[in-house]
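There are 2 protein chains.
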Amino acid sequence: MKVRGFTASAAAAGIRKQGRLDLGLIYSQIPAVTAGVFTTNLVKAAPLVIDMERLKRGMAQAILVNSGCANACSGEKGRAAALATGALAAKALNIPENLVQLASTGVIGEPLNVAAFERAMPQLVAALSPDSFATVAEAMMTTDTRPKMVERSADIGGVTVNFLGLAKGAGMIMPNMATMLGFVVTDARIAFPELHHALTSGVNRTFNRITVDGDTSTNDTVLVMANGLAQNPWIDDRAAAYFTTFQEALTSVLRDLALMIVADGEGATKFITIRVSGAKEAGDAQRMARTVANSNLVKTAFFGEDANWGRILAAMGRSGVHFDPEKVDIAFNGVTVVKNGLAAGGDAEARASQALREKEITVDITLSDGNAREEIYTCDFSIDYVKINADYRS
Amino acid sequence: MKVRGFTASAAAAGIRKQGRLDLGLIYSQIPAVTAGVFTTNLVKAAPLVIDMERLKRGMAQAILVNSGCANACSGEKGRAAALATGALAAKALNIPENLVQLASTGVIGEPLNVAAFERAMPQLVAALSPDSFATVAEAMMTTDTRPKMVERSADIGGVTVNFLGLAKGAGMIMPNMATMLGFVVTDARIAFPELHHALTSGVNRTFNRITVDGDTSTNDTVLVMANGLAQNPWIDDRAAAYFTTFQEALTSVLRDLALMIVADGEGATKFITIRVSGAKEAGDAQRMARTVANSNLVKTAFFGEDANWGRILAAMGRSGVHFDPEKVDIAFNGVTVVKNGLAAGGDAEARASQALREKEITVDITLSDGNAREEIYTCDFSIDYVKINADYRS
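Sequence order for the protein chains is R and H.
Take my numbering: the last position of the first sequence gets the number 534, and nothing is skipped along the way.
Take my numbering: the last position of the second sequence gets the number 534, and nothing is skipped along the way.
Quick caveat, the hints were computed from the structure, so don't treat them as lab data.
Mixed in with the good hints there might be a few duds.
What the hints assert, rightly or not - The list that follows gives simulated cross-link-like pairs (lysine-lysine, DSS-like), each with its CA atoms no further than 27 Å apart:
| id | chain 1 | residue 1 | chain 2 | residue 2 |
| --- | --- | --- | --- | --- |
| 1 | H | LYS217 | R | LYS467 |
| 2 | R | LYS142 | R | LYS231 |
| 3 | H | LYS420 | H | LYS499 |
| 4 | R | LYS420 | R | LYS467 |
| 5 | R | LYS527 | H | LYS527 |
| 6 | R | LYS217 | H | LYS479 |
| 7 | R | LYS420 | R | LYS479 |
| 8 | H | LYS467 | H | LYS479 |
| 9 | R | LYS499 | H | LYS479 |
| 10 | R | LYS231 | R | LYS196 |
| 11 | R | LYS527 | H | LYS499 |
| 12 | R | LYS479 | H | LYS217 |
| 13 | R | LYS217 | H | LYS467 |
| 14 | H | LYS157 | H | LYS142 |
Keep in mind that this is a model prediction, so the values were computed, not measured.
Could you build the full structure based on these sequences and the hints that come with them?
Okay, structure coming up:
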C-alpha cells in the first residue's frame with residue numbers, strides 16, 4: 141500500500157554515532173495541509189519552536205527527522221543549526237524553507253551537527269521512494285527496540301484514502317501530550333480546520349492515554365500531512381460523515397502507534413491497561429487510572445508478577461479522586477481480587493498470580509459513583525528500565 | 141540520655157514471620173499531651189482511623205506499633221482486630237483503651253493476627269524500660285536496612301527537656317504528608333494547641349520535604365507525646381521564646397528522622413538535595429524541586445553518576461512553574477554545569493561527573509524570578525529499588 145505522492149528515505153549521517161540510520165526525510169510531491177501538536181513542556185527544543193511558527197499557515201511539504209541529538213536546551217546555536225538543516229533540505233528538494241518541518245530526538249544540551257546533515261543530504265534526497273518509510277521509522281529510534289509503522293485505508297465517498305504512520309518513543313513518555321515523535325501522512329483531501337481537529341481529538345484519545353515513566357519530553361511532536369492526492373470529496377465539515385470516517389481512520393493509526401510505544405517502553409516486559417469504570421466523571425476516571433499507571437510501586441509489582449492490589453488501592457487513594465474504598469472491585473484479566481474493598485479470598489490470589497504471567501494485563505477498577513469509564517495504557521517497571529536510564533544519555 | 145517517665149519494649153511476636161522483632165510498645169507513666177498527623181491518602185488503614193478519633197482529646201499514654209501487617213484495606217475485621225490489640229495493651233498496662241495509639245506497617249489487605257499480640261503482650265509490658273527505644277525502632281522496620289532513632293535536649297527556662305524520636309520508612313515515601321511512622325516522646329510540659337502547631341509546622345518543614353518514590357502510604361503516622369515530667373515552665377504561648385525553643389528542638393528531631401528515611405530509601409545509593417533558588421514564590425520553588433526529585437529519569441541518572449542536566453531541565457519544564465529557560469543555572473555540588481540555560485562548557489561536565497561520585501549530592505537550580513528558595517530531599521533510583529519492590533509484598 142502506498143500513500144499517493146509521498147516518498148521517504150533514510151541515511152546513516154553519523155550525527156552521534158557512525159554506521160546506524162539516524163536521519164530521515166518524508167516528502168510530499170505537492171504541499172500538504174499539515175497539523176501538529178507539540179510538547180506541553182515549557183522547555184521546548186529548537187525544532188519545535190520553528191515548527192510551531194511555520195505551522196501557523198497549516199502547510200508543509202517535508203519532514204526532516206534525526207535521532208542522536210534532541211537539539212534541546214541548545215540556545216541560539218541550536219536554533220541556527222535547526223534552521224540550517226531545514227535550509228539544506230529545502231534547497232535539495234527545491235521547496236520553500238518554511239514548508240520543511242523539523243524533528244529531533246536524542247541527547248539534550250547540544251546543537252545539531254550541521255556538517256553531518258550537509259554530507260548526507262544529496263544521498264537522502266536521491267533515495268526518496270514510496271517504499272522507504274520503514275527506514276525512516278528505524279532512523280528515528282533511540283532506546284526503541286523496534287521501528288513502529290502503521291498502514292491503514294478508509295473509504296471517503298467511494299475513494300480509497302490511505303494513511304501511513306510512523307512513531308518513535310520509549311522513555312520520557314507521560315500522559316500530558318503526544319510525548320514522542322509521530323508522523324502520519326495521508327493522501328486524503330481535507331481542510332486545515334478539520335485536519336487540526338481530527339489530530340488534536342485523536343491525540344487526546346490515544347497518545348494522551350499512554351504513560352511509560354511520567355516524564356514529558358522537550359521534543360514531543362505529532363504531525364499529520366494530508367496532500368489531497370486521493371481527490372476524495374473534500375472533507376471540510378466537521379458534522380459530515382466523511383469527517384467521521386477520516387477521524388476514525390486517523391485515530392486508529394494514532395492508537396496503534398501509541399500502543400506500540402507502550403509495548404516497547406524502556407525495559408517493558410508487560411503491556412498494561414488500567415481501566416476505571418463506575419466513576420462519577422470521565423475526568424475522575426482518567427485521573428485515577430493515570431495515578432495508578434504512574435505508580436512505581438504498582439509497576440514494579442507487575443514486573444514481579446505479584447497480584448499486589450494493596451498498592452493499587454493506595455495509589456487510587458492518593459489520586460485526588462473521591463470514592464468509597466468499601467465499594468471498590470479490582471480484577472486482573474477478569475480475575476476478581478478485590479470485592480467491596482476487601483480481598484476476594486478463596487483461590488482468587490492464586491488465580492490472579494497465574495493471570496499476571498500473561499504479557500498483556502488489564503486491570504479493571506470498578507467504582508460505585510457513576511457511569512464514566514476511561515483507560516490508560518502503560519507498561520511494567522523493570523530492572524532494565526533503570527539500567528537503560530542509568531547508562532543512556534538522553 | 142533518658143526522657144523522664146517514658147519506657148519502651150519490643151518483642152518477636154510472629155505477626156508475619158517468626159524470630160524477628162515485629163511489635164513495639166512505648167509507654168508514659170502518666171497520660172501525655174499528644175498530637176498526630178496522618179496520611180492524606182483517602183484510603184486510611186484501620187489504626188489511623190482509630191487514632192484520629194482518640195486524638196480528638198489530645199491525650200495518649202501508650203503507642204502500640206507493629207510491622208508485618210499494615211491492617212489497611214482490611215474492613216470491619218481489620219478495625220475489630222486493631223481495637224482488640226489496643227484493648228490487650230490497655231488491659232496489660234492498666235490504662236484506658238482510648239489512651240492507646242495504634243500504628244501498623246507492612247502488607248496491605250489483611251487484618252492483624254490478634255493471637256500473636258495476645259501471646260506477646262505480657263512479655264512486652266514486663267520488659268518496658270527507659271533503655272529499650274532502639275528495639276522499638278528495630279521492630280518497626282520493613283524494607284528499612286537500619287533502625288532510625290534521634291535524641292536531643294533543649295533548655296526551657298533553665299530546665300533541660302529531652303526528646304527521643306523513632307522512625308521507619310523506606311518506600312511509599314511521597315512529599316504530601318508524614319509518609320511513614322514517626323514517634324517523638326518528650327518530657328516537656330506543653331499545652332495541646334502549641335504541641336499540635338509545633339508538630340504540624342515541623343512536619344511540613346521536614347517529612348513533607350522528602351520523597352523516595354512519589355507514593356503516599358495508607359498508614360503514614362507521626363505522633364508526638366509530651367508528658368510534662370520535666371516540669372519546665374508551661375509552653376502555652378505561641379509568641380513566647382519557650383515555644384520557639386521547643387519548636388526548633390522538635391523540628392530538628394523530625395528533620396534528622398526524615399533525612400535518615402531518605403538516606404535509607406529503598407535501594408538508595410545517594411542522598412540528594414534538590415534546591416531551587418531565585419523563584420518568584422516559595423510554592424513555585426517547592427513544586428519545581430518536587431517535580432525534579434520525583435523524576436525517574438533524573439533519579440536513574442544519579443544512580444548512573446551521569447551529569448545529565450538535560451533531564452533536570454526537562455523535569456523543570458513540566459513542573460507547571462513558569463520560568464525563563466534561558467536564565468537558569470544548575471550546579472552539582474558547586475560545579476556549574478548549566479549557565480543561562482546552556483551547557484557551561486569547558487571541563488564542567490568532567491568535573492561534575494567527578495562530583496557525582498560523592499554519596500551526598502546537592503543540585504542547585506537558580507532561577508531569575510525572585511528570592512524564594514526551597515529544598516526537597518530525595519535519593520537515587522537504583523536497580524535494587526526495582527528488585528525490592530518486585531519481590532517485597534507491601
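Here's how the hints hold up against the structure:
1. The hinted pair formed by H/LYS217 and R/LYS467 meets the criterion: a straight-line CA distance of about 16 Å does not exceed 27 Å.
2. At roughly 26 Å between alpha-carbon atoms, R/LYS142 and R/LYS231 fall within 27 Å of each other, so this suggested pair holds.
3. A C-alpha spacing of about 31 Å is found between H/LYS420 and H/LYS499, which places the hinted pair above 27 Å, so the restraint is violated.
4. At most 27 Å may separate the alpha-carbon atoms for a hinted pair to count; R/LYS420 and R/LYS467 meet this at roughly 13 Å.
5. Proximity of R/LYS527 to H/LYS527 is assessed by CA-CA distance (about 12 Å); at most 27 Å being required, the pair is judged to hold.
6. The suggested pairing of R/LYS217 with H/LYS479 holds, with an alpha-carbon distance near 15 Å, which does not exceed 27 Å.
7. Distance restraint check for R/LYS420 and R/LYS479: the Cα-Cα separation of roughly 19 Å lies within the 27 Å cut-off, and the hinted pair is therefore satisfied.
8. The suggested pairing of H/LYS467 with H/LYS479 holds, with an alpha-carbon distance near 8 Å, which does not exceed 27 Å.
9. Distance restraint check for R/LYS499 and H/LYS479: the Cα-Cα separation of roughly 45 Å exceeds the 27 Å cut-off, and the hinted pair is therefore not satisfied.
10. Distance check on the hinted pair: R/LYS231 and R/LYS196 sit about 22 Å apart at the alpha-carbon level, within 27 Å; holds.
11. For the suggested pair R/LYS527 and H/LYS499, the alpha carbons sit about 19 Å apart, so the restraint of at most 27 Å is met.
12. As the CA atoms of R/LYS479 and H/LYS217 are separated by approximately 15 Å, the hinted pair is consistent with the 27 Å bound.
13. Among the hinted pairs, R/LYS217 with H/LYS467 is consistent with the structure: their alpha-carbon atoms are about 16 Å apart, no more than 27 Å.
14. The suggested pairing of H/LYS157 with H/LYS142 is violated, with an alpha-carbon distance near 31 Å, which exceeds 27 Å.
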